[in-house]
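Asker: Residue numbers (the numbering used here), protein chains in the order written: chain X, 1 to 101; chain W, 1 to 416; chain H, 1 to 169; chain Y, 1 to 391.
Treat the hints as calculated values from the structure; they're not laboratory data.
Some clues are possibly wrong.
Chain Y residues, not near chain W, derived (Cβ > 12 angstroms throughout) [claimed, not checked]:
{"#": "1", "residue": "N36"}
{"#": "2", "residue": "K75"}
{"#": "3", "residue": "K110"}
{"#": "4", "residue": "Y190"}
{"#": "5", "residue": "G307"}
{"#": "6", "residue": "G322"}
Just the calculated beta-carbon pair ranges, DEER-fashion [as the list claims (entries may be wrong)]:
{"#": "7", "chain 1": "W", "residue 1": "K76", "chain 2": "Y", "residue 2": "G192", "range": "45 to 51 angstroms"}
{"#": "8", "chain 1": "W", "residue 1": "T6", "chain 2": "X", "residue 2": "H58", "range": "52 to 58 angstroms"}
{"#": "9", "chain 1": "Y", "residue 1": "P42", "chain 2": "W", "residue 2": "L98", "range": "26 to 32 angstroms"}
{"#": "10", "chain 1": "W", "residue 1": "R56", "chain 2": "Y", "residue 2": "A258", "range": "37 to 43 angstroms"}
{"#": "11", "chain 1": "Y", "residue 1": "K199", "chain 2": "W", "residue 2": "A290", "range": "47 to 53 angstroms"}
{"#": "12", "chain 1": "Y", "residue 1": "P206", "chain 2": "W", "residue 2": "P323", "range": "40 to 46 angstroms"}
Keep in mind it's a predicted model, so treat the numbers as computed, not measured.
Quick reminder that beta carbons are idealized off the backbone N, C-alpha and C, glycines included.
Chain residues, written in single-letter form:
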Amino acid sequence: MAPISTLHYLVVAAALFILGVIGVLTRRNVVIVLMSIELILNAVNLNLVAFSRIWGLHGQIFAIFVITDAAAEAAVGLGILIAFFRNKETVNMDEVDLMKW
Amino acid sequence: MLDYITSYLKSDLTPGSAGNLFWAFVYIVLIFLGLSVAVIAMNWLERKILAHMQVRLGPMRVGPHGLLQPIADALKLLIKEDIMPSAADPWVFWSAPLLVVITAFTVFVVVPFGPTHAVTDMNIGVLFMLGVSSLSVLGVVMAGWASNSHYPLMGALRSSAQMVSYEIAMGLAVISAVLMTSLNNEGTGTLSMIGIVQAQQAQHVWFAFKFFPLGLIAFFIFAVAMVAETNRAPFDLPEAESELTAGFHTEYSGFRWSLFFLAEYSAMIAVSSIAVTLWLGGWMRPFPNALNGETWDLVFSLVPGLTFLLLAAITFYSTARMPKHPYFKVQTIGLGGFGAVLALIGVALFIPPVRDRVQDIFWFSAKVAFSMYMYIWYRGTFPRYRFDQLMKVGWKVLLPLGIGVLVLTAIAGILF
Amino acid sequence: MAPVATTFFFYFLSALTVLSGVLVITRKNAVHSALALIVSLLGQAALYLMLYAPFVAGVQIILYAGGIMVLFLFVIMLVSIEKAQKEEQFNQQWLVGLAAALALGALFVLVYVKGRALFPDRGILMPEQSNTQQVAVLLYGNYMFTFEIASLLLLVAIIGAVVMAKKRI
Amino acid sequence: MTDRTTIDRTTIDRTSHLELEQHDKTFLDSNELIINMGPQHPATHGVLRVVLKLDGEKVLGTECVIGYLHRGVEKIAEHRTYTMFNPYVDRMDYVAAVSNGLGYCGAVEKLLNVEAPRRAQYIRVILTELNRLASHMLWLGTHALDIGAITPLFYTFRDREEILKIFEKYCGARLTTHAFRIGGCSYETYDGFEREVKKFLDFVAPKIDEYEELLTTNRIWVERTKDVGKISARECIALGVTGPVLRASGVKWDLRKAQPYAAYADFDFEIPVGENGDTYDRYIVRMQEMRQSLRIIDQAIGKIPDGPIMAKVAKVMKPPVGEIYHSIEAPKGELGYFIVSDGSTQPYRVRVRPPSFVNLQALDMMVRGALVADVIAVIGTLDIVLGEVDR
Numbered sequence: 001m002a003p004i005s006t007l008h009y010l011v012v013a014a015a016l017f018i019l020g021v022i023g024v025l026t027r028r029n030v031v032i033v034l035m036s037i038e039l040i041l042n043a044v045n046l047n048l049v050a051f052s053r054i055w056g057l058h059g060q061i062f063a064i065f066v067i068t069d070a071a072a073e074a075a076v077g078l079g080i081l082i083a084f085f086r087n088k089e090t091v092n093m094d095e096v097d098l099m100k101w
Numbered sequence: 001m002l003d004y005i006t007s008y009l010k011s012d013l014t015p016g017s018a019g020n021l022f023w024a025f026v027y028i029v030l031i032f033l034g035l036s037v038a039v040i041a042m043n044w045l046e047r048k049i050l051a052h053m054q055v056r057l058g059p060m061r062v063g064p065h066g067l068l069q070p071i072a073d074a075l076k077l078l079i080k081e082d083i084m085p086s087a088a089d090p091w092v093f094w095s096a097p098l099l100v101v102i103t104a105f106t107v108f109v110v111v112p113f114g115p116t117h118a119v120t121d122m123n124i125g126v127l128f129m130l131g132v133s134s135l136s137v138l139g140v141v142m143a144g145w146a147s148n149s150h151y152p153l154m155g156a157l158r159s160s161a162q163m164v165s166y167e168i169a170m171g172l173a174v175i176s177a178v179l180m181t182s183l184n185n186e187g188t189g190t191l192s193m194i195g196i197v198q199a200q201q202a203q204h205v206w207f208a209f210k211f212f213p214l215g216l217i218a219f220f221i222f223a224v225a226m227v228a229e230t231n232r233a234p235f236d237l238p239e240a241e242s243e244l245t246a247g248f249h250t251e252y253s254g255f256r257w258s259l260f261f262l263a264e265y266s267a268m269i270a271v272s273s274i275a276v277t278l279w280l281g282g283w284m285r286p287f288p289n290a291l292n293g294e295t296w297d298l299v300f301s302l303v304p305g306l307t308f309l310l311l312a313a314i315t316f317y318s319t320a321r322m323p324k325h326p327y328f329k330v331q332t333i334g335l336g337g338f339g340a341v342l343a344l345i346g347v348a349l350f351i352p353p354v355r356d357r358v359q360d361i362f363w364f365s366a367k368v369a370f371s372m373y374m375y376i377w378y379r380g381t382f383p384r385y386r387f388d389q390l391m392k393v394g395w396k397v398l399l400p401l402g403i404g405v406l407v408l409t410a411i412a413g414i415l416f
Numbered sequence: 001m002a003p004v005a006t007t008f009f010f011y012f013l014s015a016l017t018v019l020s021g022v023l024v025i026t027r028k029n030a031v032h033s034a035l036a037l038i039v040s041l042l043g044q045a046a047l048y049l050m051l052y053a054p055f056v057a058g059v060q061i062i063l064y065a066g067g068i069m070v071l072f073l074f075v076i077m078l079v080s081i082e083k084a085q086k087e088e089q090f091n092q093q094w095l096v097g098l099a100a101a102l103a104l105g106a107l108f109v110l111v112y113v114k115g116r117a118l119f120p121d122r123g124i125l126m127p128e129q130s131n132t133q134q135v136a137v138l139l140y141g142n143y144m145f146t147f148e149i150a151s152l153l154l155l156v157a158i159i160g161a162v163v164m165a166k167k168r169i
Numbered sequence: 001m002t003d004r005t006t007i008d009r010t011t012i013d014r015t016s017h018l019e020l021e022q023h024d025k026t027f028l029d030s031n032e033l034i035i036n037m038g039p040q041h042p043a044t045h046g047v048l049r050v051v052l053k054l055d056g057e058k059v060l061g062t063e064c065v066i067g068y069l070h071r072g073v074e075k076i077a078e079h080r081t082y083t084m085f086n087p088y089v090d091r092m093d094y095v096a097a098v099s100n101g102l103g104y105c106g107a108v109e110k111l112l113n114v115e116a117p118r119r120a121q122y123i124r125v126i127l128t129e130l131n132r133l134a135s136h137m138l139w140l141g142t143h144a145l146d147i148g149a150i151t152p153l154f155y156t157f158r159d160r161e162e163i164l165k166i167f168e169k170y171c172g173a174r175l176t177t178h179a180f181r182i183g184g185c186s187y188e189t190y191d192g193f194e195r196e197v198k199k200f201l202d203f204v205a206p207k208i209d210e211y212e213e214l215l216t217t218n219r220i221w222v223e224r225t226k227d228v229g230k231i232s233a234r235e236c237i238a239l240g241v242t243g244p245v246l247r248a249s250g251v252k253w254d255l256r257k258a259q260p261y262a263a264y265a266d267f268d269f270e271i272p273v274g275e276n277g278d279t280y281d282r283y284i285v286r287m288q289e290m291r292q293s294l295r296i297i298d299q300a301i302g303k304i305p306d307g308p309i310m311a312k313v314a315k316v317m318k319p320p321v322g323e324i325y326h327s328i329e330a331p332k333g334e335l336g337y338f339i340v341s342d343g344s345t346q347p348y349r350v351r352v353r354p355p356s357f358v359n360l361q362a363l364d365m366m367v368r369g370a371l372v373a374d375v376i377a378v379i380g381t382l383d384i385v386l387g388e389v390d391r
């Protein structure tokens with residue numbers, strides 16, 4: 001087998017990214033959509049870390065920032081979800097069609 | 001092959017760092033066995049010590065002084081019917097105890113019982129330990145949710161909130177210890193568990209006594225947070241018997257329940273070993289700064305053997321006090337045999353090569369054992385906190401204290 | 001230490017990561033999805049270790065698997081999911097979504113095939129011992145300002161989450 | 001969508017009936033989770049079932065479901081003669097059986113218009129106060145256990161054992177003593193009774209200090225009990241709550257002083273009262289009461305008179321037609337017996353006013369707006385015995 005190169009990692013990351021995109025576009029459950037976003041962010045992270053192996057550590061720093069961002073996004077996203085659920089009693093994405101309540 | 005095996009013994013690296021798979025495997029097996037024995041012993045000791053604190057005798061029937069009680073319990077749990085509620089989520093219900101056990105055991109990969117006695121030495125050792133032990137909360141949440149019942153769910157919500165909030169105070173305390181490792185000529189600290197102990201060796205002080213009282217306060221924060229992390233009294237709200245019957249593992253029985261039990265005790269040992277490594281000098285012997293020199297080294301190196309001889313003496317004393325009745329014959333012989341084994345171990349620990357090898361492991365285990373005793377003591381003494389009070393302690397007391405200690409440690413590190 | 005069985009571990013871990021990724025977007029039950037995501041994240045943490053990024057791996061385990069996912073599970077337990085499970089799981093535009101994803105995949109394939117030269121196979125092996133230090137030096141040196149902004153972002157997120165989730169202010 | 005009213009202790013409607021049917025599916029919103037605590041729960045002191053309506057951890061209301069230990073004691077009385085019914089009352093509050101007997105015997109004696117001799121009265125006082133100690137010790141142990149302190153339980157049980165030994169020596173039974181007869185006492189004191197009781201007093205006084213040492217200034221204990229399950233004197237009186245719960249709210253009401261029965265008028269003792277009516281005050285009041293009991297026993301032992309232990313009572317009792325209400329201060333509060341006689345050998349009707357049952361009414365009021373953990377603490381502090389609640 002060929003030795004594992006950067007490209008191998010990139011392919012894994014691409015697969016995860018596509019999975020995340022499918023999840024975001026097709027699922028109706030808000031929680032799962034949020035989790036799909038996490039998948040996308042993670043795919044990006046994997047790319048960054050894989051590149052950091054070639055071009056220095058900056059990629060890892062970016063990965064850490066992305067994780068920070070993911071934490072912030074999850075907190076706000078879940079907060080919105082709770083507020084949404086309290087008003088609509090559903091977690092269906094298609095019902096999110098009001099700008100205010 | 002033989003070379004491969006013996007070559008490691010001469011190196012002063014951990015098997016993981018030396019890349020020696022054979023010895024790494026041996027260490028893993030040893031730690032697994034040792035941990036199981038420790039949990040069994042802990043079970044017996046906790047019941048005995050609690051009993052004696054509460055003016056009763058504790059287990060006395062199975063074996064002399066109840067020595068075989070934990071084994072009887074384990075057998076009972078294994079034979080018991082394993083019940084799964086019909087409305088439970090089978091996969092999650094099934095995997096939750098496994099996850100808890102796996103995380104509790106995985107932590108021990110980086111615990112340094114001595115300068116070379118660890119499975120491996122990661123340069124993110126502390127981070128790894130905190131990370132993996134924080135995974136156990138997932139198992140708790142899964143167990144509570146999968147049971148599909150009110151009490152477990154409330155227990156799971158309580159414990160996840162509790163574990164997540166105390167992790168922060170814990171992390172702050174850990175960082176101030178890591179900060180202390182950087183007080184050398186190069187100014188480089190380390191996250192490696194072995195590196196932290198070596199830093200304490202280089203500075204000739206346990207970090208608990210560094211920058212008095214800063215180190216002590218950080219140790220105190222960690223000591224409180226680790227009790228909360230492991231859901232033990234007085235922070236045992238998730239499994240508070242009088243409130244939530246048994247919390248997140250109410251619906252578990254038999255073998256699966258025993259896995260939770262095993263995980264709880266090994267998690268206690270794990271966090272105790274982090275505390276010992278970070279603040280109590282890991283495998284260092286006591287008083288490294290005040291009582292140093294060859295003579296003291298020799299004196300302290302005799303302590304392991306003496307400890308075992310003392311235990312043997314206590315056992316022999318108890319044997320002599322056993323009732324002289326044919327009914328107790330087997331038990332008396334058993335207790336005497338146990339004492340003889342202890343005495344043999346004690347004598348063996350005086351032989352110089354063994355003595356030198358065992359030093360580190362003995363001191364480390366002794367400190368962990370002390371920490372475990374504290375756990376039992378807390379349980380015997382304190383009432384239980386209420387949930388809002390628990391959160392108050394975590395966020396309003398420990399967190400500001402942790403930040404303060406961290407800042408002051410940094411300042412002290414620059415000044416001194 | 002020298003890595004052992006890199007090829008095997010790479011394929012094993014990436015299979016684990018991708019398969020649990022598939023589970024994330026296909027499970028009916030949100031808790032199962034979250035658990036699959038945790039497995040996927042842990043697999044990725046192991047991949048980071050293989051890429052000589054132990055610090056990022058540690059952060060991934062603590063923050064992602066131990067922190068964010070617990071938050072997710074917490075919320076899933078708070079909102080009732082029984083009703084959501086009985087409903088239709090995919091929305092009407094699932095064909096469009098699938099097509100978009102396929103197009104994206106084709107784009108990736110194109111880029112990787114055409115731009116192969118951009119990603120040299122030789123990897124500069126980072127000295128494992130000082131990874132944490134190097135990250136720290138960069139983080140508190142070059143990226144100091146970014147770091148501070150990130151802390152601000154987190155503060156805003158905390159306030160935002162509290163405001164959103166509170167029953168009444 | 002249900003109306004989302006703010007729930008906090010000051011604005012909460014403490015009297016409205018709990019509507020269990022009306023709830024949402026999850027507990028994200030205000031009024032949601034219904035939890036069934038008991039009848040098999042480690043902290044409900046028996047087979048009490050409390051249905052809790054929760055908002056997260058906050059209690060919106062409770063509903064007590066009782067009757068799991070109902071044995072129809074009052075009905076049994078209608079088919080037993082006055083003497084035959086005497087042992088049954090021991091089975092109501094089985095941790096304070098002597099008090100039950102004292103109340104019943106006192107009531108029938110009043111009905112018959114006889115009075116027990118002085119010596120019998122003194123023995124009654126000694127045994128009843130010993131029993132008050134035993135009951136309070138059991139309460140302390142279980143209450144502390146509910147709040148999470150497991151050790152006091154064993155200490156109190158160790159010391160309660162000494163009391164039970166005295167009971168056993170006196171009348172042969174430890175728990176359901178049946179110590180008194182209508183008209184006096186069944187038994188003369190055994191040899192060395194005074195000496196043993198005195199020895200016990202010397203033994204137990206430092207033990208009470210020991211319990212206080214473990215708990216009174218324990219930070220966690222104080223935090224868990226201060227301002228928990230508060231009830232004002234007004235609310236206590238409105239609900240008919242008596243005993244230490246009432247006294248902890250600041251009402252100096254003790255039947256031993258207010259309408260002395262047996263020989264209580266002869267003794268010098270104080271009525272400890274609290275101020276806030278919270279769980280901590282109730283704890284302090286009961287601890288003080290234990291010390292006062294020691295004082296009473298000490299005085300009683302010192303001046304126990306000689307003489308007969310039985311008054312002249314007919315073998316077949318036929319009280320005159322009429323009705324009587326007699327109440328005593330049992331460890332848990334006012335224990336009253338209402339007996340209607342139709343002139344036959346059997347009572348026409350016996351009605352017991354059990355303190356536990358009445359005090360349990362206050363549970364809902366005390367825990368509304370509190371947390372789940374407080375419910376446990378409050379059940380513990382009310383000191384209920386299900387045998388007495390259900391009868």
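Asker: Which hints, by number, does the structure contradict?
Answerer: Checked against the structure, the hints that fail are numbers 1, 8 and 12, while the rest are satisfied.
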